[in-house]
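Protein chains: 2
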Amino acid sequence: MPSRSSRLSDFLPYQMSVSTNAVSDLVAGKYRARFGLKIPEWRVMAVLGDAGALTQRDLVGATRMDKVAVNRACKMLEDRGLAARSPNDRDGRSHHLELTPAGKAMHAEIMPLALSMEQQLFSVLTAQERRDFKAVLARINEQVRKLERLAPQHAPERDN
Amino acid sequence: MPSRSSRLSDFLPYQMSVSTNAVSDLVAGKYRARFGLKIPEWRVMAVLGDAGALTQRDLVGATRMDKVAVNRACKMLEDRGLAARSPNDRDGRSHHLELTPAGKAMHAEIMPLALSMEQQLFSVLTAQERRDFKAVLARINEQVRKLERLAPQHAPERDN
DNA sequence: GCCAAATGGTTGCAACAGGAACCATTTTGT
DNA sequence: ACAAAATGGTTCCTGTTGCAACCATTTGGC
Numbered sequence: 175m176p177s178r179s180s181r182l183s184d185f186l187p188y189q190m191s192v193s194t195n196a197v198s199d200l201v202a203g204k205y206r207a208r209f210g211l212k213i214p215e216w217r218v219m220a221v222l223g224d225a226g227a228l229t230q231r232d233l234v235g236a237t238r239m240d241k242v243a244v245n246r247a248c249k250m251l252e253d254r255g256l257a258a259r260s261p262n263d264r265d266g267r268s269h270h271l272e273l274t275p276a277g278k279a280m281h282a283e284i285m286p287l288a289l290s291m292e293q294q295l296f297s298v299l300t301a302q303e304r305r306d307f308k309a310v311l312a313r314i315n316e317q318v319r320k321l322e323r324l325a326p327q328h329a330p331e332r333d334n
Numbered sequence: 175m176p177s178r179s180s181r182l183s184d185f186l187p188y189q190m191s192v193s194t195n196a197v198s199d200l201v202a203g204k205y206r207a208r209f210g211l212k213i214p215e216w217r218v219m220a221v222l223g224d225a226g227a228l229t230q231r232d233l234v235g236a237t238r239m240d241k242v243a244v245n246r247a248c249k250m251l252e253d254r255g256l257a258a259r260s261p262n263d264r265d266g267r268s269h270h271l272e273l274t275p276a277g278k279a280m281h282a283e284i285m286p287l288a289l290s291m292e293q294q295l296f297s298v299l300t301a302q303e304r305r306d307f308k309a310v311l312a313r314i315n316e317q318v319r320k321l322e323r324l325a326p327q328h329a330p331e332r333d334n
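From first to last, the protein sequence lines stand for chains A and B. In terms of the numbering used here, the first sequence opens at residue 175 and continues consecutively. In terms of the numbering used here, the second sequence opens at residue 175 and continues consecutively.
The hints are simulated quantities; they were obtained by calculation from the structure and are not laboratory data. Take the hints with a grain of salt, since some may be wrong.
Since the list gives no way to pick one copy over another, a pair counts as held whenever it fits inside one copy or between any two copies.
[To be verified] Think about it this way: if two alpha-carbon atoms lie no more than 30 Å apart in a straight line, the pair counts; the simulated DSSO-like pairs of lysine-lysine are: (1) Lys278 with Lys249; (2) Lys320 with Lys204; (3) Lys249 with Lys320; (4) Lys320 with Lys278; (5) Lys204 with Lys308; (6) Lys204 with Lys241.
All of these numbers come straight from a predicted model, not from anything done at the bench.
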């Protein structure tokens, strides 16, 4: 019976971290085992499969990941023949990324698995609880952004 | 207006990850800026300050961190004179860790800051919503453990 | 009491993540 | 039209993390 009275375990950021890491590890494990994909790669595939051809910049916006992470994920998907780049005639610096047939096939396998995992994980919650939970997460996000604006840790932070 | 219809943004594990990372980064930034502590170090300090002398093994249980992470955090705290080890006469392999006076002083500064950050972050939630949120996190945790038991990714997992 | 197994802790190593610096191209200001 | 700034993408480097192997001590079986 560890840590009866420790306040750490009451600290909400800590609880969020513990739960989220548990979920992430579980999900990451399944994706790695079944498809050899890491989370960043999976996220890019999910977005590409559902939005069509995008630039890396678009992917940064859609996945909330660092542009370096996006770049690496894209390169990996390309190397494995799951995505392909075509030149962007409107801007010579970037390319359009799109799933190949192989990529689309994998995407078609991947999304149902995601749905079923989500179902299994959150089957302990009612539909209403799930909605509320999501809404709370969104509000927390908002609040973080607001606080960051007030106390800029790392320079005013342009939206690069 | 990025990613209108992308299902990734509806995926609950993704939303948890985004929100939690936002919170963690904010918290980590403040602790680093004010005290030069990283999250693992902060967690160890929080537990030691509130539970007294513990072994590293105890800390692993109380913080849910890897034993290597705990070890490194302890070493850092020791090097900075915030914690000290005393021999454990009941077991020659381990030591008791305890905050030094300097460590206690820092702990006394740290905890109010933690409380105030928690307050600021979650001021957008009512007390009831906070309770519900915590309860949901706990239930999700439970569910993850249950699923892990059913599909052991990485060997039956002894409780080391 | 002794050997084997288990346990607490430590170290080494390899994977990962994120920031800063960088190149190529495009946009802006004049 | 040109120089300066900005932008998309890429590479390099650094710090962090987590696992596996390891040492020392303790525990359990005989």
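Hint-by-hint comparison with the structure:
{"no.": "1", "hint": "Lys278 with Lys249", "verdict": "within (17 Å within a copy, 49 Å between copies)"}
{"no.": "2", "hint": "Lys320 with Lys204", "verdict": "between (35 Å within a copy, 15 Å between copies)"}
{"no.": "3", "hint": "Lys249 with Lys320", "verdict": "neither (34 Å within a copy, 36 Å between copies)"}
{"no.": "4", "hint": "Lys320 with Lys278", "verdict": "neither (38 Å within a copy, 32 Å between copies)"}
{"no.": "5", "hint": "Lys204 with Lys308", "verdict": "both (23 Å within a copy, 26 Å between copies)"}
{"no.": "6", "hint": "Lys204 with Lys241", "verdict": "both (25 Å within a copy, 24 Å between copies)"}
Checked against the numbered hints given earlier, this structure breaks hints 3 and 4; the rest are met.
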